[in-house]
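Protein chains in written order, with the working numbering: chain A, 31 to 250; chain B, 31 to 250.
Treat the hints loosely; a few may be bogus.
Claimed, not checked - Using 30 Å as the maximum straight-line C-alpha spacing, the simulated BS3-like pairs for lysine-lysine come out as follows:
1) Lys193(B) x Lys78(A)
2) Lys103(B) x Lys121(B)
3) Lys121(A) x Lys193(A)
4) Lys123(B) x Lys103(A)
5) Lys78(A) x Lys123(B)
6) Lys78(B) x Lys103(A)
7) Lys123(B) x Lys193(B)
8) Lys121(A) x Lys78(A)
9) Lys103(A) x Lys121(A)
10) Lys103(B) x Lys78(B)
11) Lys121(B) x Lys78(B)
12) Lys123(A) x Lys193(A)
To be clear, the hints were calculated from the coordinates, so they are not data collected in a lab.
Read off the chains here:
Protein chains: 2
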Amino acid sequence: MACNDAASSRQAWGAGVSRRSFHRAPEGERRQELIEATLDCISELGLKGATVRQIAMRAGVTAGLVRHYFDSKDQMIAEAYRNVIASLTDKAKNVEGDPATRLKDFIAINLTEPVADSRSVSLWAAFISQVRVDPALAEIHREGYLAFRDALQGLLSDFLAAKGRPASAEVCRRHAIAINGLVDGLWVEGCLAGDLFREGELISIAMASVEALLGLPIEE
Amino acid sequence: MACNDAASSRQAWGAGVSRRSFHRAPEGERRQELIEATLDCISELGLKGATVRQIAMRAGVTAGLVRHYFDSKDQMIAEAYRNVIASLTDKAKNVEGDPATRLKDFIAINLTEPVADSRSVSLWAAFISQVRVDPALAEIHREGYLAFRDALQGLLSDFLAAKGRPASAEVCRRHAIAINGLVDGLWVEGCLAGDLFREGELISIAMASVEALLGLPIEE
DNA sequence: CAAGTTATTATACACTTGAATAATAACGGC
DNA sequence: GCCGTTATTATTCAAGTGTATAATAACTTG
């Protein structure tokens, strides 16, 4: 984020032996910038548009630098994937308050920006499409999915208990699978074609659906 | 499907001026073979592994032929996308029988092979990831989604009427959005990590969820 | 402020890509 | 059975790919 206008900081160049001036980024910062640039490229240009040169250009550095921070382009992309999964799940896992509020917020967060936007779903889809190709990505997906579902299952367990209807782990598991599917499906379509839905409609549908699935009102 | 072993049909070659013998495919057949090979490549190697040469090899022809059937590689891929969408929606749209059976079959079909398999979801994701890049693909997706949801909405409308609980278009729309999301979400996860679920579990969860969402048993 | 370390640049390389071209083998009509 | 049409092959091309390497500018340490 610090000094990305490298493109404009070229000096005279071409005449003598001098080369472009540059900025030495602090520890770890350039790494994150490169990952961010990678994700920008993937979401805007597709996976095959995310070339080393294109990524470096966005990050305001030259292509060679990529190999100084990562063993290979593929490794950088795998690391970028972990970043995406984390950004999609972190926000939802940090909900706070009483069980009903936490459940409600969990659903709303996943259907609201920044989790729900076209960039996120593009990135998610790009990686999903590689799950069959690269087993490492498959493993990352699997962990992310299970962590997400487990978090949801915990929320449901607490919620049902608080409502005086404690449920077995098995029942909670089935509810978690269903609600996870519901939220994921609505998230995808909302991201891809948000204009097909009215403002707040998806959240409203999601809330009503969860209430129907659990057979309980979420609010007091 | 007819004569794919072109790789083995090379003749002497190399010595004189003769070239590889080949088979002139009937009208439209080669086109479909190329599309099929394209989809195979995308699902197994990813979008960027689906090169003209790789695709041609799978189809048992040489790379140049692609441009004889399609204006460009991109156009061929767009056409392949239409193929995928069609294969994902056709089976589900042709359900027959009484309203309850049609609804039940619709859900089951979407969560059973061949609709629900890792190849399908890979292809779907590969294209979804390009929706932001290529507006033509965005339009194809939009049409496919709406057709699918409209079909579901019709099924729901018939089902509710048959159960003596006719519902307005608006109510059916909301139910269709929710159930579509639910089925899509379960479909994705089932395709990606089917081993996380027991045999038939996803269908069982989907059926129970739809009953809860509609507030009605599906069976008699 | 000098010397050493290294993050960064510039350039080169071998290879792959989608596309264009010309030659030719396969087939349909007569 | 020959001939014209065209589907198919073989080859070429310029542009783009990830990676390797050497030079160098920026910072760190004394």
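Against the structure, the hints come out as follows:
1. Between Lys193(B) and Lys78(A) the CA atoms are separated by roughly 51 Å; this puts the pair beyond 30 Å, and the hint is violated.
2. Only pairs whose Cα atoms come within 30 Å are accepted, and Lys103(B) paired with Lys121(B) is accepted, the gap being roughly 28 Å.
3. A hinted pair counts as satisfied when its Cα atoms are at most 30 Å apart, and Lys121(A) with Lys193(A) qualifies at roughly 25 Å.
4. For the suggested pair Lys123(B) and Lys103(A), the alpha carbons sit about 43 Å apart, so the restraint of at most 30 Å is broken.
5. Under the criterion of a C-alpha separation no larger than 30 Å, the hint pairing Lys78(A) with Lys123(B) is inconsistent with the structure, at around 34 Å.
6. With a CA separation close to 14 Å, the supplied pair Lys78(B) and Lys103(A) stays within the 30 Å bound.
7. Of the supplied pair hints, the one linking Lys123(B) and Lys193(B) holds, its CA atoms being roughly 21 Å apart against a limit of 30 Å.
8. Distance restraint check for Lys121(A) and Lys78(A): the Cα-Cα separation of roughly 29 Å lies within the 30 Å cut-off, and the hinted pair is therefore satisfied.
9. Our distance criterion of 30 Å between C-alpha atoms is met by Lys103(A) and Lys121(A), whose separation comes to about 28 Å.
10. With a CA separation close to 12 Å, the supplied pair Lys103(B) and Lys78(B) stays within the 30 Å bound.
11. The straight-line distance between the Cα atoms of Lys121(B) and Lys78(B) is roughly 29 Å, inside the 30 Å bound, and the hint therefore holds.
12. A distance of roughly 21 Å separates the Cα atoms of Lys123(A) and Lys193(A); the hinted pair therefore holds under the 30 Å criterion.
Figure legend: structure checked against the earlier numbered hints; hints not met, in rising order: 1, 4 and 5.
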